[in-house]
Amino acid sequence: MDKLDKYRKIIIELLEPFTKLKYANADIENEIICDVSGDRYLVMSAGWYKNRPKRIHGCLIHLDIIDGKVWVQRDGTEHGIANDLVEAGIPKEDIVLAFHEPSARKHTGFAVA
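Per this note's numbering: the sequence shown ends with 128, consecutive numbering throughout.
Read the hints as simulated data drawn from the structure, not as lab findings. A quick note: this is a predicted structure, and the numbers were derived from the prediction, not measured. Some hints could be false.
Said to hold, decoys possible - For each label pair, taking beta carbons as the anchor points, the in silico distance ranges come out as:
#1 Glu108 - Ala41: 35 to 43 angstroms
#2 Gly62 - Gly83: 31 to 39 angstroms
#3 Gly124 - Pro68: 20 to 28 angstroms
#4 Tyr38 - Val127: 30 to 38 angstroms
#5 Ser118 - Asp20: 27 to 35 angstroms
#6 Glu108 - Glu31: 20 to 28 angstroms
#7 Asp50 - Ala128: 18 to 26 angstroms
#8 Val127 - Arg70: 30 to 38 angstroms
#9 Gly83 - Phe114: 14 to 22 angstroms
Claimed, not checked - Below 20 angstroms or equal to it, Euclidean Cα-Cα: the simulated SDA-like pairs (lysine to any residue) are:
#10 Lys35 - Lys65
#11 Lys37 - Lys69
#12 Lys21 - Asp54
#13 Lys18 - Trp86
#14 Lys84 - Lys37
#15 Lys24 - Gln88
#16 Lys35 - Ala61
#17 Lys121 - Asp90
#18 Lys84 - Glu102
#19 Lys18 - Val101
#20 Lys107 - Ile81
#21 Lys21 - Cys49
#22 Lys35 - Glu46
#23 Lys18 - Arg55
#24 Lys121 - Lys69
#25 Lys18 - Lys35
#26 Lys35 - Leu75
#27 Lys18 - Asp99
#28 Lys21 - Lys37
#29 Lys84 - Glu116
#30 Lys21 - Lys107
We put the beta carbon where it would ideally sit given N, CA and C, even for glycine.
The whole structure should be built from the sequences, with the hints applied where relevant.
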């Protein structure tokens with residue numbers, strides 16, 4: 016298996032558990048949206064708060080594979096999806112924390128671009 020196929024497999028396996036999350040204060044359904052040919056992977060959340068009539072809709076996680084690296088565009092998790100990517104076998108030098116401005120990335124311990 017080549018590097019990109021390995022990264023795609025890891026990403027999909029890591030995102031799957033987010034579809035089973037239960038929330039105490041809201042009825043939310045998370046779904047994975049994968050554009051494998053474009054190397055874009057998202058977990059989208061949609062639902063309603065339980066105690067008030069407010070809609071929830073947004074992106075929990077957004078990952079792209081760009082030039083052989085995993086770009087974390089959005090990370091709405093507590094633990095940090097980048098940590099999960101490292102634990103699953105993707106080296107830090109192949110992970111870009113894109114939600115940090117480019118000049119700050121050199122201080123993250125991950126790739127800058």
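Violations among the numbered hints: The structure conflicts with hints 3, 14, 24, 25, 28, although it agrees with all the remaining ones.
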